[in-house]
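Go by the hints and put chain B onto chain A.
Taken in order, these protein sequences are the chains called A and B. So for the first sequence, the working numbering puts the first residue at 1; every next one is plus one. So for the second sequence, the working numbering puts the first residue at 1; every next one is plus one.
Be aware that a few hints might be false.
Said to hold, decoys possible - Here are the simulated lysine to any residue pairs, SDA-like style, with alpha carbons at most 20 Å apart: (1) A:K225 to B:I350; (2) A:K302 to B:G332; (3) B:K218 to A:A369; (4) B:K340 to A:A369; (5) A:K225 to B:A354; (6) A:K224 to B:K157; (7) B:K344 to A:K302; (8) A:K225 to B:E154; (9) B:K344 to A:A369; (10) B:K328 to A:K224; (11) B:K199 to B:D184.
To be verified - Partial pick of chain A residues on the chain B-facing surface, computed with a CB cut under 10 Å: (12) L215; (13) D219; (14) H262; (15) R307; (16) I511.
Everything labelled a hint here was simulated from the structure, so no lab data went into it. Positions of the beta carbon are idealized from the N, C-alpha and C atoms, including for glycine.
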Amino acid sequence: MSRPLSPIPRALALAGLASLAAAGPGCRPAPAAPTGPKPSGRPAGPAWFVERAAEAGVDFSAGHGGRSPLTIREIMGTGCALFDYDGDSDLDLFIAGQTGAGGQEQNQLYRNDGHGQFTNATPGSGLEERGLHMGVAVGDIDNDGRPDLFVAGYGVNRLYRNQGGGKFQDIAQSAGLASKSPTDWNSCAAFGDVDRDGLLDLYLGRYVVFTKDTLQFCDYGDGKKGSCGPMFYDPQLGSLYRNLGGGRFKDVTREYGLDDGHGKALGAVFADVNDDGWLDLYVGNDEMPGDLFISQRGRRFKNDALRAGVSLAGDGEMQGAMGVDFGDYNRDGLLDLIVTTYQFEPTSLYAGHPSGVYQHMGVATGLDAPTRPMVGFGTKFVDLNNDGWLDVPIANGHIHDNQEHIDKFSTYRQPMQLFMNREGVRFEERSAEAGEGFTKPAVGRGLAVGDLDGDGRQDLVVTDVEGPARVLMNRIPDVGNWLRVALRGTRSDRHAYGARVTVAAGGRKWIGLANPGGSYFSSSDPAVHFGLGDARSVDSVEVRWPSGRRSVVKAPRIGATLVVTEP
Amino acid sequence: MSLTEAGQQTRPRSVSRLAIILGLGLVAIGASVAVRQSPWAHERRLESMNLEELALAIHDHPTDPLTLYHYGRALLKAGQVDASQKALETAVKLDPRMYRARVGLGSVLLERGDLRRAVDEFQQAARLRPQEPEAHVGLSQAYYRAGSPTRAIEPLKKVVQLQPGSAAAWYNLGKLYGEAHQSDHALEAMKKAVALDPKVAAYWRDLGRLHRHYSQNKEAEAAYKKALKLDDSDPVAWYWLGQLYVEMSDSPEYRGYAEQSLLRAISRAPDMAEAHFELGRLYERRGSYPLAAARFREATRLDMSDDKALYHLGLALTKMGSREEGQKLIRGAQALGAAKREIKNLENRIRAEAGNRELRLRMARLYRKYGNAEAALSQYTVYRSMGAPDATVDKEEAAYREELRRANALPAQELSALPPAPAP
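The shape of chain A in the complex, shown without the other chains (with noise of 0.2 Å):
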């Protein structure tokens, strides 16, 4: 999560005190923080979104009580889940609580009706369980149709089977998922079937070594202490787990390849980035080389992220990653990936290219300068505005709860943003349009995107560190079209994690992936979103299924949710 200035060029070092010798950065890990970007004046017209918890009746609210400094541990905030958990085809909502270490909120699960109007579903669920929880992945994994959870935590996960009625029972420890000890930081977690036998294997991203004998505080000059960066703690490494059917899982990472990774991971996400058919796994590292793990045929991964270009920031250096997320953005049919990453490091596009080796598009585009300042995490490629073109929206918020008396010139809580994409060529800033919801600075972290009232506009929710979550609903006017498509897998998966869907209309066609993960610690809706723009109907759907089957469904209604089903 840091850099220093980069140093003068070495040929060229000047004369006189300051370089009289190369010197470390002491125990001040991170580059001073940029100003972040004044949210500018708010433009005339409506908000696009209207932040609307408490009215919605989420009341999850995180803090510290006012403690400071905090450890890296506390810091790091939880992820949110929108899942049907009750089938009634609406998204309802988990955000993962920690109890414990400080943190005195617990796990919360709402019941949506529908309409955007939730109800605390948790008492008596079995989900208030006490821990320090961070990452959720949903994943239905003995197929029965009724979503369940996994919970990712420091000392702990949670594999919440989902019993019906609204029931869910913790079985992480006989499906051989409990943390392997009590200081292990498991933080991220994704769902999807590497060896498409139809079950859905785990991801779980580990952090780093964090006790109460290691460092707990780092100086950042005139005796200001503040949370240490990653770099002065040695890396957890991940594991994959596969799903053994009956409800156990196997942990499989030596002889997957999945140990040649860098540790430290904040993000995880599957996707199939070659169009081979199996899935690849990306994982995004804080301030370590990312990891892009791609697929031998279900057998085993080779970790490629170097050869591919994905591993490191454009300009070479690490990156302190943390949300990730997979689309394709322009349009070309490759898959692009983004990353969220720390101050002073720019949002890591990279654009996917024929060559295998991806191209980093972040300053082309325009998102390199304005994310410079903030520090990234939860992140999505999502059509806000249905015009058939993938947005990006970031939470932003500092790792310092003191980062004000750190550096002047920047602040603990920052601005969510939004870039609006235009056209796969640029994507612009509009936070300032999205409103209050996006403007009013935050300790952000996860963040998850579904259509939570059904009017067919993406809608957000992000979590923050030292507040409420927030619940951003999209009032976007003037949307393009709009195309839901619901997965049932037969042979697959039942909700086909890593399904690829086409949609073709007049002319055009769109790539979306049945991928729920990615972003900071979230899961979102694994139903695909396809915004159309002007497009007044579609000619075909088409789906490749895990697998490897396809399916075509001719000219459906649009507007509305397709569910397709596995033949």
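For chain B alone, coordinates are given in the frame of chain A:
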């Protein structure tokens, strides 16, 4: 009577006049002698002497600390560091309260890299005359060279208190803040330096760098341009301006600016690997892979330890179709980058946890892994000095020394520390 009286009156008058003249003469002579023998005159004489004359003066006055101080200073100027140190040490011994001798000795020790003793001398000098800036400057330099820019800040803050109108002092303070990653303070200090002396190009250039850090691109651009207006021969300013343009926009206009600036940097400093790398990135981004590869190749030739350039060269070659060579270079860059990262991270951790003995042991092993025997043995020594004897580590170290000895790879100072080989 009157005559007599007059004569009597006349005699004393002439006597007193003579006495006055004599007295004045004596006073003048005395004053002259006093002046000639004053420390001021002594100083003036010593200052005007060359090294040979000073050597004679030392011969005549071997215990005069002032002469020894000047002699030591002249020796240092002549590059005779050992002799200079000896003279200054004697001066300090003879007059421990002599501020200048302590500052001089501190400077010699700094020059020699004996940072611990240099710090000690500068500290003592600062205690003798806290209002004089030199000792604080020296102390700051010594801390900086000892790898602690954060500690180097405090003495330099004293200097700017003593000399608030010194642009150079503010500039150096700004640089130190920057090194210590306290960029907000750095920016303020650099702004003061520029306000006090707007004619120094380097101040503008480094101010631009700080603006850049805070994503204040327009301010950064203006500052770099100002620096280049004052001194357009500065390759660093051209390089930073080019780097700024590379990151500001991908429009053809900015690409052009970036290319021009970087080419100017290279024309002024052809061996600036960073500028070649940045130019390579620019070409890579616009899809000109052969041009990019040429620049990355040049950057790696100039700096073999540059894993970034090696990595991008590998990527460019892969895109050009030279997959095998590209892959090889990427693998090399990966290994190089991993080594650098491991070492840098552990160094940072050692700075943050200076009392953590285990980190020293890990560092020793890491240096060993990457073949830096001297650094590895040094870390073993530090580990040993930090706690109770550790038989396992002692054994490990002994085995390593033996391994090095067999491979004839023991560092020079280690060899000299070995007992002489027995006579055949």
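message = Under the constraints set out in the numbered hints, which ones does this structure not fulfil?
response = 4, 7, 9, 10, 11 and 16
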